[in-house]
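Colleague: Residue-level listing of the chains:
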Amino acid sequence: MSDCEPLAALLPIQLTVNGQHHLLQLPPWLTLLDLLRDQLDLVGTRKGCDHGQCGACTVLRNGRRVNACLTLAVMCDGDTLTTIEGVAQGGTLHPLQQAFIRHDAFQCGYCTPGQICSALGLASEGRAHTRDEIREGMSGNLCRCGAYSNITAAVEEALPLMNGQGGCRP
Amino acid sequence: MTPFTYAKPSSIDQAVQLAGPGARFIAGGTNLLDLMKENVARPAQLIDINDLPLRDISPTPDGGLRIGALVSNAELAWNTLVEQGYPLLAQAILAGASPQLRNMASTGGNLLQRTRCLYFYDTATPCNKRAPGSGCPARDGLNRNHAILGASPLCVAVHPSDMCVALAALEARVIVRGRSGERCVAFADFHRLPGDTPERDNTLADDELILAIELPAPRFAAYSHYLKVRDRASYAFALVSVAAALELDGSAIRTLHVALGGVAHKPWRDAALERQVVGQPATADTYTHFADSLLRAARPLPGNVFKVRLARNAIVRALIQAQRGKCQ
Ligand SMILES: Cc1cc2nc3c(=O)[nH]c(=O)nc-3n(C[C@H](O)[C@H](O)[C@H](O)COP(=O)(O)OP(=O)(O)OC[C@H]3O[C@@H](n4cnc5c(N)ncnc54)[C@H](O)[C@@H]3O)c2cc1C
Ligand code: SF4
Ligand code: FES
Ligand code: FES
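Just so you know, the sequences run in chain order U and F. At position 4 of the first sequence the residue is numbered 4 (UniProt numbering), and the sequence of numbers has no breaks. At position 256 of the second sequence the residue is numbered 256 (UniProt numbering), and the sequence of numbers has no breaks.
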């Protein structure tokens, strides 16, 4: 594409992220992950693989957990998103976050925002009850530090507290 | 990603009008965006079909189920009618990808996901599927994950879907619409073998949109099993998978359907061979004999000789599990 050729027109997009409304003009090829990190400065959502393989970019889209790296921002017009920055209520950590701390469920912390958003999605799906079901339900989130057993313990402890709900604000 | 334009039609007719060689539909995006990031797919336009009314799961007059193309893999696996009537399908879907991806992935997109052949993904290497006529490095290269059945000299890739293996065993139909109208394709005729044109995975035309999948009335809810063999316990593509479905008359076989995944360019079935076991005793011996016959056509590559034995054992185990009843 030559320099003087215009790129495709920017598209007007409305989004609610962590309760805050945004009106944006975006190119169609921008991923939700790059939008969150590079334009909205919500860098808690991580870029691990950028190919749907690691789960570090997991966010809640209309309450469901998805990989932000394989989502185009323009396809989220009108949607409600929750990232790790929206999980705590004011200064109070979410019970799941508290459980992660109590169980030492991270080492470097790189995968943690994705793990927490994924566990919130798991809770609202209401399908995981046993330890094995939690492990399977969290299998889309890799942890290169291998904190898996503590992550599972934290999720197991917090699930009943979440009452079948993600428990975060919509 | 190579820049592209974006359209979001609000009717099926509009979507079909927009379709063409340079344009691609996008549903969940989990396969297409991945391929676009790798520059394997370079559409000039994306047609976002998420506003189309294709999200229903509804009973059909003949006692079956019609599943809209935009129903997510997660919704489908957890739908009560599917869990009750088609546990094989639910089990196969839940064996694939991750919970996040299953929330995004659509029914239509799952059918059209492309092979995971490493060379297909790597634009620095030749590949007849990606660049017709350039060659197939997998034949003499890394071919552990490749086909043992139905391959051609030009391509030895496999179709990676789990859901499609169950749909093949359940004899689903695919409802598609193009500019010249609507047609209904038997599942066995939807995907194709590579032959001389490995660039084509299926028989869908450029302007055709998948509207829905239709399942016939349930027959296998009591006796079915999906067995997926892979390199780790979760979140990996199948080396070999088996969708096994039985109807029994006492201790004799009334119907046996077996579809294989991870072994060919499409879900692999041999309906003629299945008919030969009708009336035979439902025993491990019958299943072993059936598996040996089904795999007689196998032509493994140097890296995947093990798959023949693996497939044989997996077929027998899946059928025994199916016979024990209630998918689990
Ligand atoms: C890390 C990873 C692991 C995975 N593991 C597995 C696994 O173990 N098992 C498995 O089965 N799958 C697996 N998948 C693949 C996943 O299931 C597919 O990517 C998904 O089903 C594709 O659906 P989609 O809606 O996202 O398709 P999209 O990416 O939106 O589209 C895929 C193709 O279908 C076309 N298309 C989509 N909808 C229609 C329609 N209605 N009509 C016509 N054309 C259409 C698009 O143009 C595109 O060519 C994995 C994917 C990833 C990224
Ligand atoms: S097996 Fe098929 S997809 Fe893989 S390199 Fe050969 S031609 Fe390409
Ligand atoms: S960054 Fe999205 S899954 Fe790895
Ligand atoms: S804590 Fe380091 S990757 Fe999980």
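Just so you know, these hints were derived from the structure itself, not from any lab. Be a bit skeptical, because a hint or two may be false.
[As the list claims (entries may be wrong)] With a Cα cut of at most 25 Å, we get these calculated SDA-like pairs of lysine to any residue:
1) 37/F x 199/F
2) 47/U x 27/U
3) 47/U x 199/F
4) 37/F x 43/U
5) 8/F x 49/U
6) 8/F x 10/U
7) 37/F x 106/U
8) 37/F x 144/U
9) 8/F x 104/U
10) 37/F x 49/U
11) 8/F x 101/U
12) 47/U x 98/U
13) 47/U x 80/F
14) 37/F x 156/U
15) 37/F x 152/U
16) 47/U x 42/F
17) 47/U x 104/U
18) 8/F x 59/F
19) 47/U x 237/F
20) 37/F x 98/U
21) 37/F x 104/U
22) 47/U x 62/U
23) 47/U x 114/F
[What the hints assert, rightly or not] A short, non-exhaustive set of chain U residues, derived as facing chain F with CB atoms under 7 Å:
24) 37
25) 40
26) 74
27) 78
These figures come from a predicted structure and were not determined experimentally. Ideal Cβ positions, reconstructed from N, Cα and C, are used throughout, including at glycine.
Colleague: Are the hints correct? Go through all of them and say.
Modeller: Results for each hint:
Of the supplied pair hints, the one linking residue 37/F and residue 199/F holds, its CA atoms being roughly 19 Å apart against a limit of 25 Å. Restraint check: the Cα-Cα separation between residue 47/U and residue 27/U comes to about 20 Å, which is no more than 25 Å; the hinted pair holds. A hinted pair counts as satisfied when its Cα atoms are at most 25 Å apart, and residue 47/U with residue 199/F does not qualify at roughly 32 Å. Among the hinted pairs, residue 37/F with residue 43/U is consistent with the structure: their alpha-carbon atoms are about 21 Å apart, no more than 25 Å.
Distance restraint check for residue 8/F and residue 49/U: the Cα-Cα separation of roughly 28 Å exceeds the 25 Å cut-off, and the hinted pair is therefore not satisfied. For a cut-off of 25 Å, the pair hint linking residue 8/F to residue 10/U stands: about 14 Å separates their Cα positions. As the CA atoms of residue 37/F and residue 106/U are separated by approximately 30 Å, the hinted pair breaks the 25 Å bound. Proximity of residue 37/F to residue 144/U is assessed by CA-CA distance (about 24 Å); at most 25 Å being required, the pair is judged to hold.
Taking the CA atoms of residue 8/F and residue 104/U, the gap is about 45 Å. The hint is violated against a cut of 25 Å. At roughly 12 Å between alpha-carbon atoms, residue 37/F and residue 49/U fall within 25 Å of each other, so this suggested pair holds. Restraint check: the Cα-Cα separation between residue 8/F and residue 101/U comes to about 43 Å, which exceeds 25 Å; the hinted pair is violated. Of the pairs offered as hints, the one joining residue 47/U and residue 98/U holds, with about 24 Å between alpha carbons and a cut-off of 25 Å not exceeded.
Distance restraint check for residue 47/U and residue 80/F: the Cα-Cα separation of roughly 36 Å exceeds the 25 Å cut-off, and the hinted pair is therefore not satisfied. Pair hint residue 37/F plus residue 156/U does not hold up; C-alpha atoms about 36 Å apart against a cutoff of 25 Å. For a cut-off of 25 Å, the pair hint linking residue 37/F to residue 152/U is broken: about 32 Å separates their Cα positions. Between residue 47/U and residue 42/F the alpha-carbon distance is near 23 Å, which keeps this suggested pair within the 25 Å criterion.
For the proposed pair residue 47/U and residue 104/U, the alpha carbon gap of about 22 Å is at most 25 Å, so the pair holds. Of the supplied pair hints, the one linking residue 8/F and residue 59/F is violated, its CA atoms being roughly 29 Å apart against a limit of 25 Å. With a C-alpha separation of about 22 Å, the suggested pairing of residue 47/U with residue 237/F holds against the 25 Å cut-off. At roughly 37 Å between alpha-carbon atoms, residue 37/F and residue 98/U are farther apart than 25 Å, so this suggested pair is violated.
The straight-line distance between the Cα atoms of residue 37/F and residue 104/U is roughly 35 Å, outside the 25 Å bound, and the hint therefore fails. In summary, the hint linking residue 47/U to residue 62/U is supported, as the alpha carbons are separated by about 21 Å, within the 25 Å threshold. This hinted pair checks out: residue 47/U and residue 114/F have alpha carbons roughly 24 Å apart, not beyond 25 Å. Taking 7 Å as the C-beta cut-off, the interface hint given for residue 37/U is violated, the closest approach to chain F being about 16 Å.
Given the 7 Å rule on beta carbons, the hint for residue 40/U is violated: about 20 Å separates it from the nearest Cβ of chain F. For residue 74/U, the suggested interface contact is upheld, since its CB lies about 6 Å from the closest CB of chain F, less than 7 Å. Proximity of residue 78/U to chain F is violated relative to the hint, the smallest CB-CB distance being about 10 Å (cut-off 7 Å).
Checked against the numbered hints above, the structure breaks hints 3, 5, 7, 9, 11, 13, 14, 15, 18, 20, 21, 24, 25, 27 and satisfies the rest.
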